[in-house]
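> Sequence:
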Amino acid sequence: MPLPPRHNDNKTFLVWINEEDHLRVISMQKGGNMKEVFTRFCNGLTQIEGLFKSKNYEFMWNPHLGYILTCPSNLGTGLRAGVHIKLPHLGKHDKFAEVLKRLRLQKRGTGAWGRV
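Heads up: the sequence shown at position 68 corresponds to 68 in full-length UniProt numbering, and the numbers run straight through without jumps.
No lab work stands behind these hints, which were simulated from the structure alone. There may be inaccurate statements among the hints.
[Claimed, not checked] Derived pair list, reagent style SDA-like, types lysine to any residue, alpha-carbon separation capped at 25 Å:
no. : residue 1 : residue 2
1   : Lys-11    : Gly-44
2   : Lys-35    : Thr-12
3   : Lys-101   : Leu-75
4   : Lys-92    : Leu-103
5   : Lys-35    : His-84
6   : Lys-11    : Leu-103
7   : Lys-11    : Phe-38
[As the list claims (entries may be wrong)] Label-pair distances were calculated between CB atoms; the ranges are:
no. : residue 1 : residue 2 : range
8   : Glu-58    : His-89    : 21 to 29 Å
9   : Cys-42    : Asp-21    : 16 to 24 Å
10  : Leu-14    : Lys-95    : 33 to 41 Å
11  : Met-1     : Ala-97    : 31 to 39 Å
12  : Gly-82    : Asn-18    : 27 to 35 Å
13  : Arg-104   : Asp-9     : 30 to 38 Å
14  : Thr-39    : Glu-98    : 31 to 39 Å
15  : Asp-9     : Arg-80    : 23 to 31 Å
16  : Asp-21    : Leu-105   : 31 to 39 Å
17  : Thr-70    : Asn-33    : 30 to 38 Å
The C-beta atom is built at its ideal place from N, Cα and C for all residues, glycine as well.
Let the hints inform the model, and build the full structure from the sequences given.
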């Protein structure tokens with residue numbers, strides 16, 4: 001059973017324990033500064049890894065597979081990146097699903113069921 005996420009004061013950096021994998025680290029914010037989001041993610045992960053090492057633990061890693069996680073789809077870097085944008089009219093276009101497939105993107109709701 002997952003524990004409630006721990007987060008910084010701004011709620012831009014979150015750590016979930018026992019969620020999808022043993023540890024889920026999230027860095028997010030509104031706006032377009034993806035470099036700031038990624039830098040925060042890397043710095044936070046470095047601190048978590050340092051804490052683990054100080055307790056004689058480390059992330060499982062294999063030279064061929066990368067990081068070993070409980071979900072096979074997360075093998076390797078274990079990194080998944082996402083961007084939320086509102087496309088209210090484009091999402092209704094007949095060829096929207098075709099374009100997403102060609103670009104290897106996913107449509108996901110962000111609140112109300114079925115919203116794009």
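> Each of the hints needs a verdict: does it hold here or not?
Verification of the hints:
| no. | hint | result |
| --- | --- | --- |
| 1 | Lys-11 to Gly-44 | 13 Å, holds |
| 2 | Lys-35 to Thr-12 | 13 Å, holds |
| 3 | Lys-101 to Leu-75 | 23 Å, holds |
| 4 | Lys-92 to Leu-103 | 17 Å, holds |
| 5 | Lys-35 to His-84 | 16 Å, holds |
| 6 | Lys-11 to Leu-103 | 31 Å, violated |
| 7 | Lys-11 to Phe-38 | 15 Å, holds |
| 8 | Glu-58 to His-89: 21 to 29 Å | 48 Å, violated |
| 9 | Cys-42 to Asp-21: 16 to 24 Å | 18 Å, holds |
| 10 | Leu-14 to Lys-95: 33 to 41 Å | 36 Å, holds |
| 11 | Met-1 to Ala-97: 31 to 39 Å | 36 Å, holds |
| 12 | Gly-82 to Asn-18: 27 to 35 Å | 22 Å, violated |
| 13 | Arg-104 to Asp-9: 30 to 38 Å | 36 Å, holds |
| 14 | Thr-39 to Glu-98: 31 to 39 Å | 35 Å, holds |
| 15 | Asp-9 to Arg-80: 23 to 31 Å | 25 Å, holds |
| 16 | Asp-21 to Leu-105: 31 to 39 Å | 23 Å, violated |
| 17 | Thr-70 to Asn-33: 30 to 38 Å | 31 Å, holds |
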